[in-house]
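Produce the entire structure from the sequences given, and follow the hints as far as they go.
One letter stands for each residue in the lines below.
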Amino acid sequence: MAILKVRNLKKSYGRISAVNRVDLDVNEGEIVVIMGPSGCGKSTLIRSINRLVEPDEGLITFDGIDITGLKHRELLLIRKRIGYVFQHFNLIERLTVLDNVMLGLVFSGMERDEAEDRAVRVLRRVGLESRLLYRPSALSGGEKQRVGLARVMVLEPELMLLDEPTAALDPILVKEVLDSIEELVNTSKTTMLIVTHEVRFARRVAHRIVLMDKGNIIEQGKPESIFTSPISELGKRYQALIA
Amino acid sequence: MFLIFTDGFIKDLVVLILITILIGSALCGALAAAADAYFGDTVNGLIGDVGEYDLILHIRKDMKDTVAAELQKYLDARFNGGTFKEGPTVAGKSNFFITLPENAKNRNAMENLGTYFQDIPGNSGYTVMLEPRITLRGTEGNISEFLINEIEQIPGVRFAFRRGSSVDVVLDSMDYSGSVKKRIKELLLRYKVVEVKFPLDEEIENSAAKAYDIKTEFKESLDIDVVLNINDASGDDELQSFVDTLSEMKRFLSHYSSRVYIQHLPGYDLGIGDRLILKGEDADDVIIEVTRTLAGESEGIIVRGDASNLPNYGTEDMVEANKLEANGGPGELVGMARVESPRHNLSYSIEESIKLLKELDAMTDEINGTVSRVVYVMEKYDETLAHLEEISALLKATNDQVVSSISGLDHLGSWEIKAHLENASKSIDATLNSIKEADRVKEEPETGNSSIYVMEEKLDELLRSNAGNASTPYYQRLLLLKKGLEVFKASKDGRISALGAILNTLDPVANSLMELKLSIEGLTANIDEMGSLTESGLKAKAALDNLASITDMTLLQLKAFDIWSVRENIRSISDDLQALRDSDVEAIIEQMEHIQKAMPQLRDEEITSSIKLLERYIDGQVISRDRLLFLIDGPVTKADAEKVVKRGMSGNERTNVSILAPAMIEPDVRSSVHHILREVRSSIAALLGIAFTIFILMVDHCQLMAVMKRLRARSRHNKWKVWRFMPDESFIYGGAVGAFILISIFFITGAKVPLLNNVHVILIGAILGTIASLLAERFSPANEEELMAGEALGLSYLDILREIVIPSGRPGLLYYLNSKRFIFKDKPFPVGG
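From first to last, the protein sequence lines are chains A and B. The numbering used here applies: residue 1 is where the first sequence begins, and numbers increase by one. The numbering used here applies: residue 244 is where the second sequence begins, and numbers increase by one.
Any given hint could be a false lead.
[As the list claims (entries may be wrong)] Partial selection, computed: residues in chain A whose CB lies under 10 Å from chain B:
#, residue
1, Ser-38
2, Arg-47
3, Asn-50
4, Leu-75
5, Leu-77
6, Ile-82
7, Tyr-84
8, Val-85
9, Asn-90
10, Glu-93
11, Met-110
12, Glu-111
13, Arg-121
14, Arg-151
15, Val-152
16, Ile-172
No lab work stands behind these hints: they were computed from the structure. Backbone N, C-alpha and C fix where the C-beta goes; we use that ideal spot for every residue, glycine too.
This is the structure we're talking about:
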């Protein structure tokens, strides 16, 4: 059953069409990886899902709720159910690692102590228990992204949107982030929509791969079919990378 | 729009703005007040307390030391007791504050300060600081002099003096300031300046004469005195006075010259400028020039000869008027002429007036004589009374003697009785003479009337012939004399009539006395015969009894006579007469004789020639300005003034008439300085307010505007194209907040910038806010990543602003206020690897 439905979604930046009438369904517990060249509209698509970017047209439903038609206060409640991991971590610089992770919990109404316990647990899970009181500026890229991941995990969202979580990392640090995500995928049943260029990672974790180009979904399917018998030119190029 | 306010941040914003305005107003107001106090003290230090200094002498900076060394000597020489103090040097000028001695504070000294100081090296002028003082400015020309004369009459004014186009009024003390200012305002309301402007393309011809005509027109049409013809003050006072004098002289001569009135013969018409010849006596013909024509009639002036040459001079007779031929001889007869010579009339009037006035003396002498006689009668009255009492006593004594003789007790002394009777007869004679003398007054009831009648006739004639000069003192005096004469005549007639009535009562007395006298004379003639005879004695006694009875009756009649009222009446007549004599008769005679001597001894031809010469000169005079100014006494509407000017300008309608105040009251220096300081204070407050607004916009509001811009960039792409052209909400926010903060600070602190009103201030605030919005992301960039992280976590904008945006922003008022509200405080000892 699709927990997320995207219909006829369109988003432009001026005259440039970022997402062009896209339809997409994501089933509950499904790991969907969106791949495509830079600027093809992947990030715009997933940002539109929690309306970090306001779509111009189209319909998005989450758990049967029309997100595009929500009022501001209703949207805030939906956003708490949808976690978002940013490509550039988007940590709050003035807050410590622990505060960054606790932030969402505290403003969801949780007691501070309880929020702290949960945050510490999650941070331990991503291997950052020694960095609790660090400022983000004192962390490595991989650590920052793990804090970003922990900040979402701690909220236990029903849908996680990961926007190229390793794109801003040195190749050496990519693995630790991907390991954390893979561990999360393996240990939770959270529905995930992941935008990434990591073909092997995608092949390993994805239930379905969606290929996008120029704002359109040009091909989607299970990883085996995409990487073994792609239809589109883009799919073939990814196939070549695997081979 | 304005997403960031949807979650309750608006409350924070309202608090922020209110506190901003309060702090801003307090800060700006305090600084401006401090500046005001500082400048105020500085100014007081500079210009001293009220009355401390009287003058500021400005000296070129390079001459400061020289002047400082010599100024005291100079002051000692000019204003002994004067002192000075060096002031600050401003804009290349050094200032010396001078205190004058009291005796130097007068009009003469103040108006000659320029002359006094001209020898001081480096002199760059002076400023008068005399206090307490009221200054009038904007006085045109010699209005200053007029105003000074008027103002110096006001109680509390010490003196006034002219300074350029201003008049400074120095007061005795500050206490008079209000009352003097009030009186000056009344003066300025009473007098008005009428300004007559001419078009630039129109040269004013004969402006001096026109100014004179307008002045005359004001008096004649509106009965408004033109106090000053201000055109006099165009820089050539003497010339203008001269022109005025000539105009007046022309007017006088015009009234003085003979006028010839010609009745045309049928079929003849005359034109202006035609010359006629009138046959004069002794071959002195008179030539006239026609100056005005009417249907069948003409009027002319004598251009050769004199009216006295004409046979009908001084009469109403007509003489023949012939055309003047080219050869100077008479041509055809064109009409009959009558000459009217005001000069002759005036001369005649004056001569007759002098005669008349001299007759007044004769008349009073005549009346005086009558009064003296009456007074004499009154004196004789007492004498008569005494005589009658004496006669009565004598008759009684004689009668007693006769009785004793008859009884034989005594011998009848006839010689003694006779002596008594003769004495009585003499007294009666004297009394009768007195009564006869008094009766002469009765015979002169018209005493003085003929003289008075002649005087009245002549006065009437004089008044008629001088009717055109009714406003002259001479005419007024004649009028007074006539009235005085009428009153005197009525008084005299009444009193003389009353006197006559009283004197009539003496007639029976006189008759009784005459009868008495005859009886006494009869008795005296027979007294010797009846001396020793008893029978005769008895007859004599009876005669004496009769005499005594008549005498007593006469006495009673005389005593009943109201001598007191007669005396009072006489005294009144005498007093009235004296009053008439004491009137200005002699002064009038003197004035008349003076006029007689001063009358121009000119022939008509000379008068005409003079008038023409004067006209040529006056018409050549032009006031070298494009306007005429008059100071008038009394209110006048613009419409009335325009009518008067139009008439004075012979119908010229291209003039522009304005009614102006003769001057304006100017605030004194100290008030002006303090007024300027107040303006400086409000300007400082304004500048501080603007600076504060800019600061607040940059430090606090740029963050918010930057967030707005970020959110707008990610907002839904509106299908309406017009949306693209809608202003960024941050501009609206910036403009509104900037305008509101600035106008509020201006309002609270009383800040003001010269030439700017509230709308301007609001606009300035809005412009500042808009500029701040434009610079917002450069000055206080919003961290898009953090902002988006907050949004993604489902935080409200209130929480995002409080926890993420504001704590990361610049420390300002918003930062400070927010620090009390956010949950995740900064850790005191942040750690890092």
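Hints, one by one, checked against the model:
Given hint, Ser-38(A) at the interface with chain B, is violated; its Cβ is 19 Å from that chain's nearest Cβ, farther than 10 Å. Evaluation of the Arg-47(A) hint against chain B yields a held restraint, the C-beta minimum of about 8 Å falling below 10 Å. Taking 10 Å as the C-beta cut-off, the interface hint given for Asn-50(A) holds, the closest approach to chain B being about 6 Å. For the restraint placing Leu-75(A) at the interface with chain B, the shortest Cβ-Cβ distance is roughly 8 Å, inside the 10 Å limit, so the hint holds.
Restraint check, Leu-77(A) versus chain B: the minimum CB separation of about 7 Å is within 10 Å; hint holds. A least Cβ separation of about 8 Å between Ile-82(A) and chain B falls short of the 10 Å threshold, and the interface hint therefore holds. Against a cut-off of 10 Å between C-beta atoms, the interface hint on Tyr-84(A) holds, since the closest Cβ of chain B lies about 4 Å away. With a least beta-carbon distance of about 9 Å to chain B, the hint placing Val-85(A) at the interface is held under the 10 Å criterion.
Given the 10 Å rule on beta carbons, the hint for Asn-90(A) holds: about 4 Å separates it from the nearest Cβ of chain B. Hint status for Glu-93(A) relative to chain B: holds, with the closest Cβ pair at about 7 Å, below 10 Å. Checking Met-110(A) against chain B by beta carbon gives a least distance of about 12 Å; that is not within 10 Å, so the hint is violated. Below 10 Å, beta-carbon pairs count as interface contacts, and Glu-111(A) has none with chain B, the closest being about 12 Å; its hint is therefore violated.
Taking 10 Å as the C-beta contact cut-off toward chain B, the hint placing Arg-121(A) at the interface is violated, the least distance being around 18 Å. For Arg-151(A), the shortest C-beta to C-beta distance to chain B is roughly 7 Å, which falls under 10 Å, so the interface hint holds. With a cut of 10 Å, the hint placing Val-152(A) at the interface with chain B holds, because the nearest CB-to-CB distance is about 8 Å. Nearest Cβ of chain B to the Cβ of Ile-172(A): about 17 Å, over the 10 Å cut. The hint is violated.
When held up to the earlier numbered hints, the structure conflicts with 1, 11, 12, 13 and 16 and fits the remainder.
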